[in-house]
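Could you fit the two chains together into a complex? Lean on the hints.
So you can see what is in the structure, the chains are spelled out below.
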Amino acid sequence: MSSEVRFTDFKSDKQPTWCPGCGDFGTMNGMMKALAETGNDPDNTFVVAGIGCSGKIGTYMHSYAIHGVHGRALPVGAGVKMANPDLEVMVAGGDGDGYSIGAGHFVHAVRRNVDMSYIVMDNRIYGLTKGQASPTSREDFETSTTPEGPQQPPVNPLALALASGATFIAQSFSSDALRHQEIVQQAIEHDGFGFVNVFSPCVTFNDVDTYDYFRDSLVDLADTDYDPTDREAAKEKVLDADKEYMGVLYQDENSVPYEETHGLDSSMAEIDHEGAPEGATDLVREFY
Amino acid sequence: MPADFNWAIGGEAGDGIDSTGKVFAQALSRAGRHVFTSKDFASRIRGGYTAYKVRTSTEKVRSVVDRLDVLVALTPRTIEENLDELHEGSIIIYDGERTTMADVEIPEGMIGLDVPLKSLAEDAGGAVMRNVVALGAACEATSFDIEHLDSSLKKHFGGKGQAIVDNNKQAARLGQEYVRDNYPDADLQYDLETTDNDYVLLNGDEAIGMGAIAAGCKYYAGYPITPATDVMTYLKGRIEQFGGHVVQAEDELAAINLALGAARAGARSMTATSGPGIDLMAETFGLVATSETPLVVVDVMRSGPSTGMPTKQEQGDLNMMLYGGHGEIPRFVLAPTTVEECFWKTVEAFNLAEKYQTPVYLAADLAMAVTEQTFEPDAFDMDAVEIDRGKVVDEESIADHQTESGGFKPHEITEDGVSPRAIPGTEGGAHMSTGLEHDEQGRRTEDTEMRVEQVDKRNRKIQTAREREDFSPREFGDPDSDNLVVSWGSNEGTLVEALEFLQEEDIDVRILSVPYLFPRPDLTEEFEAADDVVVVECNATGQFADVVEHDTLQRVKRVNKYNGVQFKADELADDIKRTLASGQEVEA
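Protein chains in written order, with UniProt numbering: chain U, 1 to 288; chain F, 1 to 588.
Chain F on its own, in the form it takes in the complex (with noise of 0.2 angstroms):
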């Protein structure tokens, strides 16, 4: 029997399927399991299709697999697309009274188990909870203690009322009580255990809007897009208790400049969006960091170029980020490598933009963005939380920096680059701030040799950053090893559970995950000890690999997928485990 277990629920979108998905993965969580969820599989018939997929143990699980072992299938389709992840012994539960699955055949060597979802949910008072006996069907099939499906439902429905809480846990017991009555003698082999061990279930989204809630963050402005909308869905009722604001722009050039507002006003300000927004955004970005406003803008990375598959895994805006915007800018590109990491790093950025009042990209990609997956509580230590709020002058230290007749001076000339800042209602700090080049008051110029001052100002202060910040890799696998595979973004938990895989046929590898893409590390020493390093990264040209090549002078090998899903562990070793094995040398 696997030590992990698949299961799935499929329909067609407006099924309730992400919402039935998550009641049972916060179930499981609370059950004391780890929980890795995925959506959205990508389509092999036509669009409309929709699954939530939940991957979960009593050990840390990290990234998908192919195969399910208990299925939920709303729609015929639903066995139609996961053929290949269903195999002997699979479970299906289904509706055979749903007009369209009347005459669904179930594949040779899987279990079936009809149950009728609809009638049943009606009899516990709605055929709306259809999907909740499907759940109760689901405990049943896998020995799993419905108590902690009843805690799970009391969660997601008690603000509803205690009457929905009941009728729904009803409906949970009515499928329990429907597979064991109709289906004693089935071969249901699954038993999924629990612990005592204490989780909490979230996205990356959520990670992010719970970052900028603990580094202070008070306002955001935001325009809807998939996949980033759950940040400002989650801070929306939350930030307010913090004494914070969220408002909805009528465009992402509205919400960059809005959020700029707020961040000259003195707020730790961010916005978040994909693609598309972060193309609109470009020209204020250049504003923010010419202007030294601190703000953090973050991209969920999807699938483009344009709209591209708005739904689908992507990591292919990394040069937009590192270069994106006419002239040259100063910035940081931060990219969190867990859905724990989204927390640390948003963290982390507000801390960079106001030390260095500077723009700092949040690169999160939709493979970790929208997906929940369990933590143990104290990976969000809330008493680990720092905030640096750098150079800020109050009224007193204000004249330090002023000119002889009284100017206040916020692009003051300095060793590291990084200027006073006078926030507004600060008396004697009254001052321009423009996309213009600047003198040091921030009045406009086109002094030559001031132009070139204030430049190497601004790019000195990445170089301050450098000097004083960490910005090291994270690293697993075999420290010693010859080959190295470098990944950024969401990849790493998919690579940590690869090296398993890579284990199991003798090839030993080290990886370093970077969650600094700019300042990035110096990977050179790493390259040059290693025979082979492969990058890994979810696009099509190899972006991160071309940046590193021209870091280190050195050519890699490239893994790259941009198909829509994410890496898979077994995937990714046979991928890596090729890659090693060509002696191809890239296309130049």
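Bound-form chain U, shown alone (with noise of 0.2 angstroms):
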């Protein structure tokens, strides 16, 4: 099947429901996109969907899935992959999933660095419960449950994920669709946990960081001189708070996933025998 899968082969026949004009579509879009152009085809391709409007992404695209518990997506994905290294394993989720509820998967996902990609689609907003503040509102962004503004800072999560140790940080934006398919497939590509925090507007309940907003601030790292593989100049980009970048913002050269690590080659799945393992009166003996 792989030598001629199409995107589209990714896609499920059922019709989002994501309001017309919403991010994820774009984002979702470039998941399909960078799957298919990485030689995968959907029956060795696992998904893992946090909950929240990304969530649903799971239900729209076609391949093996599972559609988890809130902010939980990444240790699922983990555990896919290193009973079965030879599945392409995607986790995808928002920025509440992925920097509120479930932060501190997170940081640990990163340190694990198993070898699949992480898609954020980071909106700044809660969509699907309406329009909260999320991890990643700007301090003084009003919503139904902060009038004022959450008055405190926004998750970095850049900065959070080079803190931890990480071998892949990029950003990339929805509605530029090759740029994000590229990005999304360098992460498919990188040797460990390629990182993506996607920005991926909200229509209906975030006015201010808006697809107007994101085409005027960003800076495409691609565009510059920049060295994504320099972990000093990483640094100062994550904490820029001055500007918003696209592209590649770090990557290990020398990653080594942690399959690789803990002699992970082949897939648990299978087990050859019917009763117990050769080798298991060993285990009896032992107590001897």
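These aren't lab readings, by the way, just hints derived from the structure by calculation. It is possible that part of the hints are untrue.
To be verified - Within a straight-line C-alpha distance of at most 27 angstroms, the following computed BS3-like cross-link-like pairs (lysine-lysine) qualify:
{"no.": "1", "chain 1": "F", "residue 1": "Lys22", "chain 2": "F", "residue 2": "Lys154"}
{"no.": "2", "chain 1": "F", "residue 1": "Lys236", "chain 2": "F", "residue 2": "Lys160"}
{"no.": "3", "chain 1": "F", "residue 1": "Lys39", "chain 2": "F", "residue 2": "Lys160"}
{"no.": "4", "chain 1": "F", "residue 1": "Lys154", "chain 2": "U", "residue 2": "Lys14"}
{"no.": "5", "chain 1": "F", "residue 1": "Lys409", "chain 2": "U", "residue 2": "Lys11"}
Said to hold, decoys possible - To list a few chain F residues with every Cβ distance to chain U over 10 angstroms, as calculated:
{"no.": "6", "residue": "Gln189"}
{"no.": "7", "residue": "His245"}
{"no.": "8", "residue": "Ala254"}
{"no.": "9", "residue": "Glu283"}
{"no.": "10", "residue": "Thr284"}
{"no.": "11", "residue": "Asp416"}
{"no.": "12", "residue": "Thr464"}
{"no.": "13", "residue": "Gly477"}
Here a beta-carbon is modelled for each residue, glycine too, at the ideal position from N, C-alpha and C.
This is the structure in structure tokens:
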């Protein structure tokens, strides 16, 4: 199948219920194209989706997939990949799923460096619950639950990732279809945890972080002489509060994925014995 | 002279109590003696005190008793804590050169063996071996052949090199000789005879880990928690030899989700924790059931709620395992009743999980999880292990479970409730799985008819299991007795020993030990046939008693213990006798 996979093969027959104009359409298209472009097909791909508008993505894509509980998509993805390193694992979620309820897992998924990609649809708002502040909302962003704004600084996912030992950090924009696809592809091809924060605007509940805002403010690192393998330069970039960047902010070219460190090189699905495995009796003798 | 012998070593946490106790238990086991150990007596004074107690006999031993024949006391408190268990003729081994032990008074009628443990250990090569000197002294005091201790020392220290083993053997000998030379006239009446029997010594956590490997489990994710950590410690370094992997997760939320991921990828997968971790896992447990994922979740119960008493016994999580989680979650709850059964129920848990594609709780409890016991090696006969993976489809059979347009149906409505399972990588099997209500293809739905069909289908799996599986209780005692005693979990061994005490008082009882808590056997007929039903469990409210009252629509009497210590046979016999005699109805 893989020889002639088209990106539409990754599309399910369910029509998305996202609001017209939602950034998630573009985000998902780029993911499907990147998966097809990197030689994957739905039967060897496993998508893990979180909860929230973004979490619906598993339903609209066609592959092996699970739509989990809120905030726990990353450990599920890691478990899938460890148990079968032959699968292409992609985890997708939103800023609430990844940086609020799931923030603890984010740090440890970064540290673990399992070879999978993590696509976060960051719209800086809670959309599915109709417009409350998210962990990436601006300090003065007024919502029904934060009428004066959250009055606390937003989470900086890029800096958090770098501080946690990330081997691949990127940021993209859902409406820049080509660049977005390219960046997701790089994340897939990276040997380790490929993290992409995607600006995926919410047209219904966020009138600040809009398409126009990102179009006007994003600086594409590909247009500069920035070297993403330079960790010191990356530190500066991820902490730069004055600009929004697009592109790969950091990549460790010597990244060794978890599976390699731990000698995981084949699927654990098969059990080639109908009783206890060979050598199991030695386990009993050990207790003598 | 008693048929069984009771020995203990006690001191402060950090004194190496557990490892010393285990070395002695292993020596007894290698000498062909049965052993039943217990750890960490409830302190009557304050925290910090810890002890390892060994009950041994040439016959099978199944519980702890309130008697100590030989005590190695590293602190004065060790003696104070055990005054009730010590008796006339008990031997207390201590180091009078230790400042805190200099003025220690040996209670009247007992024999104090003042052995310079530290000095002798230094003579043998290092003060760190002072507990081993005490073991040598204990060998002399009990006429126990020190070569068995040598053999155990070699097993425990062999990894550290021959020199360390030799030093330890020497330390033991110095202890032995010291007692021989300095207490020639002491009335040391114990004589630990040996047999040619071949036993293995292990605890429940280890049996669960070994059961998992035997069952083909390849993936374990867990977060350290007393008393479940030994499961992970056991698997680490062993499961890899069978193609598996152990992950220490960042928390229990991650642990169950990692395990879920591996299970979705097709691996036999497991996590183990204790009460606080079970609370955290409850949300994902519902997802596991709704997405119809086979997963084994072990709860090694300890005293709760909240942090409770982390190193104490309790069977307080039954309701959590039966009902925990929002919504209605089909599940299995198995409760091994012995260390041996920890192995077999783990194997069974994996088969049930895959045959019925639903999560299985394995409910173990502290009293059997962290205490070593001896068994015939045949108790863990690997040739008797069977693996049944249920309805897994391959690339050929998958066509029978697809829609006209080729969509695979992982939640196909079937007569037995079990749907086909496609392992990722199987061509034509790509599908969505979700905690949302879904149609046969796993796609989200709120269709009222499909909702009912899917709920019924998932629940039907439990009904199918009731028809196909054998969920009988284990039976002991007099089958014709009018007195029925019902128990679950690790109380079984104590109950079997309590039978003897009851017989001495001419009380006959029939014991049903229930290893299947959901689905569970229908005990209505057994209850109707009995004049009295007593339910024994280690919790305050009688959670299992409530459940069987509900099942059988009959009132039961209750024996509950929740002070953190497991039942003892004589005490339990008394409790049962008193409860049978009382006409009192329980408070409803």
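Taking the hints in turn, this is what the structure says about them:
1. Between Lys22 of chain F and Lys154 of chain F, the direct Cα distance comes to roughly 13 angstroms. Compliance with the 27 angstroms bound is thereby established for this hinted pair.
2. This hinted pair checks out: Lys236 of chain F and Lys160 of chain F have alpha carbons roughly 19 angstroms apart, not beyond 27 angstroms.
3. Using a Cα cut-off of 27 angstroms, the hinted pair Lys39 of chain F and Lys160 of chain F holds, with the two alpha carbons roughly 26 angstroms apart.
4. About 65 angstroms separates the Cα atoms of Lys154 of chain F and Lys14 of chain U, which puts this hinted pair outside 27 angstroms; it is violated.
5. Restraint check for Lys409 of chain F and Lys11 of chain U: the C-alpha separation of about 17 angstroms stays at or below 27 angstroms, so the hint holds.
6. Distance check for Gln189 of chain F against chain U: the nearest CB is about 30 angstroms away, which clears 10 angstroms, and the non-interface claim stands.
7. Non-interface call for His245 of chain F relative to chain U: violated, since the shortest CB-CB distance, roughly 6 angstroms, does not exceed 10 angstroms.
8. Not every Cβ of chain U is farther than 10 angstroms from the Cβ of Ala254 of chain F; the closest lies at roughly 4 angstroms, contradicting the non-interface assignment.
9. Annotated as non-interface, Glu283 of chain F brings its C-beta within 10 angstroms of a C-beta of chain U; the closest such distance is 5 angstroms.
10. Some Cβ of chain U comes within 10 angstroms of the Cβ of Thr284 of chain F; the nearest lies about 5 angstroms off, and the non-interface call is violated.
11. Interface exclusion of Asp416 of chain F from chain U stands, the closest Cβ pair being 22 angstroms apart, more than 10 angstroms.
12. For Thr464 of chain F, the condition that its CB be more than 10 angstroms from all CB atoms of chain U holds, with the nearest at approximately 22 angstroms.
13. Residue-level check passed: Gly477 of chain F sits 30 angstroms from the nearest beta carbon of chain U, beyond 10 angstroms.
Consistency with the previously given hints fails for numbers 4, 7, 8, 9 and 10, ordered from lowest to highest.
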